[in-house]
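Protein chains in written order, with UniProt numbering: chain V, 1 to 178; chain X, 1 to 163.
Bear in mind the hints are in silico, worked out from the structure with no lab data behind them. There's no promise every hint is true.
What the hints assert, rightly or not - The calculated DSBU-like cross-link candidates involving lysine-lysine, where the alpha carbons are at most 30 Å apart (straight line), are:
#, chain 1, residue 1, chain 2, residue 2
1, V, K44, X, K107
2, V, K158, V, K112
3, X, K52, V, K112
4, X, K107, X, K44
5, X, K107, X, K52
6, X, K52, X, K128
7, X, K6, X, K31
8, V, K112, X, K128
9, X, K44, V, K112
10, V, K158, X, K3
11, X, K52, V, K44
12, X, K44, X, K128
13, X, K31, X, K107
14, X, K128, X, K31
15, X, K44, X, K31
16, X, K31, V, K112
17, V, K158, X, K6
18, X, K128, X, K107
19, V, K112, X, K6
To be verified - Facing chain V, according to a computed beta carbon distance under 10 Å, are these residues of chain X, among others:
#, residue
20, H47
21, H112
22, A140
Stated by the list, open to error - Chain V regions said to be covered by chain X (calculated; three or more residues, Cβ under 8 Å):
#, region
23, 61-72
24, 85-92
25, 105-112
26, 145-159
Built from N, CA and C at the ideal position, the CB exists for glycine as well.
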Amino acid sequence: MALRVAALLATAAATIVMALNKETRTFVVGTVGTTPVTASVTAKFQHTPANVFFVIANAMASNHNLMMIGSDLFGLEFKGFKLPLVAVLDMLNAALLSAGVHGAAFMAQLAKNGNSHARWNEICDNFQGYCNRGGVAILAAYVGLLLTLGITVVSIVKLLKPKPKPQSQPLASEIEVP
Amino acid sequence: MAKIRKAVTVTLRLLALAATVVAVVIMATSKETAHVLNLTFTAKFTHTPAFKYYVVVEAIAGFYTVLALLLASKSLLSRLTLILDLVVAMLLTSSIAAALAIAQVGKQGNSHAGWLPICGQVPRYCDKLVVSLVAGFVAALVYLLLLVYTLRAALHPVFAIKP
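Pulled out of the complex, with its shape left as it was, chain V reads as follows (with noise of 0.2 Å):
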C-alpha cells in the first residue's frame, strides 16, 4: 500500500514535470541594416513522440495506481477472480511504464549526445532547462517503475500465498511450472 503510494507520487512527479517541459530560446540569426534579426525557437516535449508516449504512459500508471488507492480506502474488496485481475493489471502497468521511460531515455541520450553518423545535432547545449527538466522527469518515473516491479511482486506473492482454511493444503507447494 505504501509502495503504491510512492510509485504513484514518483510518477505523477514526472507526467507533471515532463508535461510542462517548455523552453524557448531566441537566436540572433542574421543582421538586416543595423537592427539583428532575431528567431525563437522552441523545444517543447510534445515535439518528440516517444516523449508524449512517455506522458501518457506514466499518467495511466498513475490513474492505475490512484485507483487502486481508491479502492483500498474505500473497502472495495478484491475476491474470486478480481485478486488475479490486480496483479495482471500490475504486470501490465509495469511494462507500459517501462516501455515510456526507456523510450525516453533513449531519445533523450540521442539528444545529449547527438549521433554523428546520422548527422544529427545534439541539442541540449542549447536547450539546458528543458534537458535538465527531462531528465529530471526521466529518474523519478525510473524510480516509479522500480516501485511498480515491486508492487507487482507483492501482488503476485499475495495471490500465491495459500488461503487459512481448515480443508485445503497449502497451494503454494502445488504451483509447478509447466
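Use these hints to put chain X onto chain V, whose structure you have.
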C-alpha cells in the same frame, strides 16, 4: 490438465525464442553503405546505443528462454522462473520501446531538432531494422502472454476452492 499447460508454455517459450533470435541476428547483420555527394555513409547498428542495448537484451532474453525450456517442470524453481520471467518481460518491453523511439526518428526525422531522416539514404538497412523490431515486439508480447498464462495456470487450483 498439466500436459496442456506444459504444451502451451513450451510453445510460447519456443515462439519467444524464435522471435528473439530473429531480432538479434537480423539487427546484428544489418549494415549498409551509401554514397551521398562523394561522402561514404555507413549505417550499422553499433552506431546507436539504443540498438546496441536492444541486441544485448534480446540476446539475454533468448539465452534465458533456452535455460527455462531446459529446466522446466521443477517445482523448486517455479517461483524463481516466475520472477525472472517478469524481469525478462520488462527488459524486452524496455528494449523494444527504446529501439522503436530511435527508429522512428530515423524514419521520420525531427524537424524541430533539425534531425533529418536517414531512411531515404539507407533503405535496405531500414527494412532489415523493421523486420528486427517487429520480431522484438512479438517477443515482448509473447513474454507478457506467457506471464499472464503462468499466473492463471498457477491459480487454477485456487479458483476451485476460493469462495
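Hints and how they fare:
Straight-line distance between C-alpha atoms of K44 (chain V) and K107 (chain X) comes to about 20 Å, which keeps the hinted pair within the 30 Å bound. Taking the CA atoms of K158 (chain V) and K112 (chain V), the gap is near 42 Å; set against the 30 Å cutoff, the hint is violated. For the given pair, K52 (chain X) sits about 17 Å from K112 (chain V) by alpha-carbon distance, which is consistent with the 30 Å threshold. Among the hinted pairs, K107 (chain X) with K44 (chain X) is consistent with the structure: their alpha-carbon atoms are about 15 Å apart, no more than 30 Å.
About 18 Å separates the Cα atoms of K107 (chain X) and K52 (chain X), which keeps this hinted pair within 30 Å; it holds. Among the hinted pairs, K52 (chain X) with K128 (chain X) is consistent with the structure: their alpha-carbon atoms are about 15 Å apart, no more than 30 Å. A threshold of 30 Å between alpha carbons decides the hint, and for K6 (chain X) with K31 (chain X) the separation of about 40 Å lies outside it, so the pair is violated. A threshold of 30 Å between alpha carbons decides the hint, and for K112 (chain V) with K128 (chain X) the separation of about 27 Å falls inside it, so the pair holds.
A hinted pair counts as satisfied when its Cα atoms are at most 30 Å apart, and K44 (chain X) with K112 (chain V) qualifies at roughly 20 Å. For the hint pairing K158 (chain V) with K3 (chain X), the CA-to-CA distance comes to about 26 Å; that is within 30 Å, so the pair holds. Taken as a hint, the K52 (chain X) and K44 (chain V) pair is honoured in the structure, with Cα atoms around 28 Å apart against an allowance of 30 Å. In summary, the hint linking K44 (chain X) to K128 (chain X) is supported, as the alpha carbons are separated by about 11 Å, within the 30 Å threshold.
At roughly 16 Å between alpha-carbon atoms, K31 (chain X) and K107 (chain X) fall within 30 Å of each other, so this suggested pair holds. For a cut-off of 30 Å, the pair hint linking K128 (chain X) to K31 (chain X) stands: about 9 Å separates their Cα positions. With a C-alpha separation of about 5 Å, the suggested pair K44 (chain X) and K31 (chain X) falls inside the 30 Å cut-off, and the hint holds. In summary, the hint linking K31 (chain X) to K112 (chain V) is supported, as the alpha carbons are separated by about 25 Å, within the 30 Å threshold.
In summary, the hint linking K158 (chain V) to K6 (chain X) is supported, as the alpha carbons are separated by about 24 Å, within the 30 Å threshold. With a C-alpha separation of about 13 Å, the suggested pairing of K128 (chain X) with K107 (chain X) holds against the 30 Å cut-off. For the hint pairing K112 (chain V) with K6 (chain X), the CA-to-CA distance comes to about 47 Å; that exceeds 30 Å, so the pair is violated. The criterion of a C-beta within 10 Å of any C-beta in chain V is met by H47 (chain X), whose closest approach is roughly 4 Å, and the hint holds.
The interface hint given for H112 (chain X) holds, since its Cβ lies 4 Å from the closest Cβ of chain V, which is under the 10 Å cut-off. Nearest Cβ of chain V to the Cβ of A140 (chain X): about 8 Å, under the 10 Å cut. The hint holds. Residues of the region 61-72 of chain V with a Cβ under 8 Å from some Cβ of chain X number 0, which does not satisfy the need for three, so the listed coverage is violated. Residues of the region 85-92 of chain V with a Cβ under 8 Å from some Cβ of chain X number 4, which satisfies the need for three, so the listed coverage holds.
With a threshold of 8 Å between beta carbons, the proposed coverage of the region 105-112 of chain V by chain X holds, since 6 of its residues qualify and at least three are required. Counting residues of the region 145-159 of chain V whose CB lies closer than 8 Å to any CB of chain X gives 5, which reaches the minimum of 3, so the coverage claim holds.
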